[in-house]
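Chemist: From first to last, the protein sequence lines are chains A and B.
According to my numbering, the first sequence is numbered sequentially starting from -2.
According to my numbering, the second sequence is numbered sequentially starting from -2.
Where hints are given, some of them may not hold.
[Claimed, not checked] So the derived label-pair ranges between C-beta atoms look like this:
| no. | chain 1 | residue 1 | chain 2 | residue 2 | range |
| --- | --- | --- | --- | --- | --- |
| 1 | B | D50 | A | M154 | 27 to 37 angstroms |
| 2 | B | D50 | A | D255 | 40 to 50 angstroms |
| 3 | B | R51 | A | E312 | 11 to 21 angstroms |
| 4 | B | K131 | A | D338 | 57 to 67 angstroms |
[Stated by the list, open to error] From the derived model, a few chain B residues whose C-beta atoms are all more than 10 angstroms from chain A:
| no. | residue |
| --- | --- |
| 5 | Y9 |
| 6 | E24 |
| 7 | N60 |
| 8 | V88 |
| 9 | S211 |
| 10 | D285 |
| 11 | T416 |
| 12 | R448 |
Just so you know, these hints were derived from the structure itself, not from any lab.
Because the structure is a prediction, the values reported are computed rather than measured.
Glycine included, each C-beta is placed from N, C-alpha and C at the ideal position.
Protein chains: 2
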Amino acid sequence: MAKNLTTRGEDYSKWYNELVVKADLAENSGVRGCMVIKPYGFAIWERMQAELDRMFKETGHQNAYFPLFIPKSYFSKEASHVDGFAKECAVVTHYRLKTDESGKGIVVDPEAKLEEELIVRPTSETIIWDTYRKWIQSYRDLPILVNQWANVVRWEMRTRLFLRTAEFLWQEGHTAHATKAEAIAEAEQMMNVYADFVENYMAVPVIKGLKTESERFAGALETYCIEALMQDGKALQAGTSHFLGQNFAKAFDVKFADKDGGLDYVWATSWGVSTRLMGALIMTHSDDNGLVLPPNLAPDQVVIVPIYRNEEQFEAVSEVATELMTKLRDQGIRVKFDNRDTHKPGWKFNEYELKGVPVRIAIGPKDVEKGTVEIARRDTLEKEFIPTGGVVQKVEGLMEDIQKNLYKKAIDFRSTHTTDVENYDQFKQVLEEKGGFVLAHWDGTAATEERIKNETKATIRCIPLDDDNEPGSCMVTGKPSARKVLFARAY
Amino acid sequence: MAKNLTTRGEDYSKWYNELVVKADLAENSGVRGCMVIKPYGFAIWERMQAELDRMFKETGHQNAYFPLFIPKSYFSKEASHVDGFAKECAVVTHYRLKTDESGKGIVVDPEAKLEEELIVRPTSETIIWDTYRKWIQSYRDLPILVNQWANVVRWEMRTRLFLRTAEFLWQEGHTAHATKAEAIAEAEQMMNVYADFVENYMAVPVIKGLKTESERFAGALETYCIEALMQDGKALQAGTSHFLGQNFAKAFDVKFADKDGGLDYVWATSWGVSTRLMGALIMTHSDDNGLVLPPNLAPDQVVIVPIYRNEEQFEAVSEVATELMTKLRDQGIRVKFDNRDTHKPGWKFNEYELKGVPVRIAIGPKDVEKGTVEIARRDTLEKEFIPTGGVVQKVEGLMEDIQKNLYKKAIDFRSTHTTDVENYDQFKQVLEEKGGFVLAHWDGTAATEERIKNETKATIRCIPLDDDNEPGSCMVTGKPSARKVLFARAY
């Protein structure tokens, strides 16, 4: 297939939009702001889900399922939550359609108006804490460590496939604890689980940190986050984990009897990652030839393409290909043998480059004679001939090499695109000329944060949790600063 | 724990409702008609999903995801579909809430009215075929074999946990084919996949058949189904697979170029099973002591309960228990060792009986001395002492025995509750006195079917696909009948 892909240099945003569609990941639907996740894109998401789900279960969590709809009044119960969430959302007001008597087709039945409107969940803290009230009486019922895989809806005006859609898929963990310390430990643990997944499966390096008060989740006392850097120098928030204090327990009256018979409100966390991670995966690794996938998440890790001019050659090549496929599969490697006779090898090469398959093996009649195959790796586009007997070992090595190389490339890019600045002029200059992460001193006030955002479009991505705690003075106001914080323009 | 469970004999319906809640499977939420699936119930559903998903993939299907919302106008495009589906549903009319200026809290913003209302999907044929139009140009693009795991909403007035809820979870397969024969073969294949799953994993025997025209899916030319029989003598439709002909292709203008360059409409199927299967699982096997789970789907297949009076005994017992647990896990058996000191053994015995864990192992200090353990099976409630060294083999055998025994009990129950009748009086008498499946001759008309339904509340569950094709005459009208069909009162 011909790729006709806009290059990153020409127009990064256009490159992304085209790539998502051309690589068969997702497309816009007939419903404004809602995407269709196509089978190839969904297969990648399924691998992400499977790994995350395993990690959640290994840390003691169980899955459950809570209603899609939330009564409007629930949102009003937690004051800061309603401000953050209940505004741009899908509102169900009626429960029936009817055939119009004057021939206008089907219309909403005015008789079927709900007494209280239902909101399609933008997040589920309220409905879940309304449920937890029934589950929790005593310290024996704690902790509750529950996760839900679900669709949520936030009515976004400007949408982009995976990055910002009205409906998206995510998981949301909601835990309940007897003590503050335990809840904070849980929120930190899940930030670390996310970082582990994003770095080791997605090969995307992240900075762990805390959100400033103005960037916190609506209703949280502390929001832990992981921040990644895309190839265009913009940051992307890859996951958040919230320490919610007793806010939701108080809003929904969830108390527990402790060991001494006293009554106290329950401590809470919530944490989530979404199909937005697909956007991070695509934008971190892909190039002007198309998608580049880390082997740990690629639906097909290896594709074998036969090269032949006649039936006899096809049979000879197929025999070698099938044997190789079996041997690779025996080692747990996901292999596809593309023996379709409806497409030429060149078309297939382009297709698998576009779709980011980590390793391509081509076998032609001459290879069969010589006992070799051609192996191409997607990340570096390097090709080499290998004796057929050495392919399994070679491919096993490549799975590790490519995974590591992608991570290294991404971390190198981040290093060269992270700049320490000492004053506001330098800050603005770096943002304009180079982009990326900028570390700078900030006085800790929302006013200064807001001013910087308005003047430069850069936000504080996080207050990093690393040990680099040199104090200084704010680049804008000159007031004292405990440490540099991480700024960037962001998705 | 004390069970206090209503017995099946006292009130079957009450027994079911209590069991679902007491065994921690699901509960009603604060949103009318919507349930919360609790972690234990969800763990069973996850096992069902995993097996079905594997079976779908083995038959060549891929997963994808389509929007939750469907524009109202889409439903009007397929005439019979709109009659069947677009009526009782959740309608989104607005996309924003706002804080009321006169202090009424948050209200729907009248300015944010959608131009066209959105329906929360009750099923996804319309949005999917609107998408397939973009995916299909040529025979090379066919077949499309796609499945989606999703939540759907049908506004039910009378709801029951798992059996009928406003929101439920399901999978819906939607396939597109170049020929009628291929589409029919697909619809039949998926009926067989469902039957295989329900019989071999859920241990629930089913009758395969065709729905009558009046019981068909809205928009289908043929509906294949599997029908199960519950312990109260009522039938439950466990899965359906529809041959949709070219109806949706015509409604959404989906044509393909065939090999000779001609243009034709695409052939379609759709097929689904839902969390309703949980209801079938519960009602088929469970007894007055609680849930009974087939080993193939039980989240915990074995629970080990320690019996002790002091720390020393606990340690001795724990040592044996832990070693056993490791050995059983090595054989791939799912084992839980309940070493909580907050509950007594008797309480635990009751809890695991209520939750249907197939095998319970109890170990006390005397057992440690003698080198034995007590093994109890949930299906028969039989107990026996086994030398510790023989436990792994014993449990492996029990996993198979219990699975088979549950299926056998269910099929025996069905045999004794399936009655061949020759006339309408006998038909009514069987329904009143015995219930169950009733095989009777029917003249093939919707009028007679409707009359029988009105007079007896029994519906034609299916026209069985078995070879029992003896002709006769309709029990109501005396007109010719090609074969007996399967009647029952149903969920």
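Chemist: Next, verify each hint and record whether it holds.
Modeler: Structure-based check of all given hints:
| no. | hint | verdict |
| --- | --- | --- |
| 1 | B/D50 x A/M154: 27 to 37 angstroms | holds, 36 angstroms |
| 2 | B/D50 x A/D255: 40 to 50 angstroms | holds, 43 angstroms |
| 3 | B/R51 x A/E312: 11 to 21 angstroms | violated, 32 angstroms |
| 4 | B/K131 x A/D338: 57 to 67 angstroms | violated, 26 angstroms |
| 5 | Y9 | holds, 26 angstroms |
| 6 | E24 | violated, 7 angstroms |
| 7 | N60 | violated, 5 angstroms |
| 8 | V88 | violated, 4 angstroms |
| 9 | S211 | holds, 20 angstroms |
| 10 | D285 | holds, 25 angstroms |
| 11 | T416 | holds, 39 angstroms |
| 12 | R448 | holds, 27 angstroms |
Checked against the numbered hints above, the structure violates hints 3, 4, 6, 7, 8; every other hint is satisfied.
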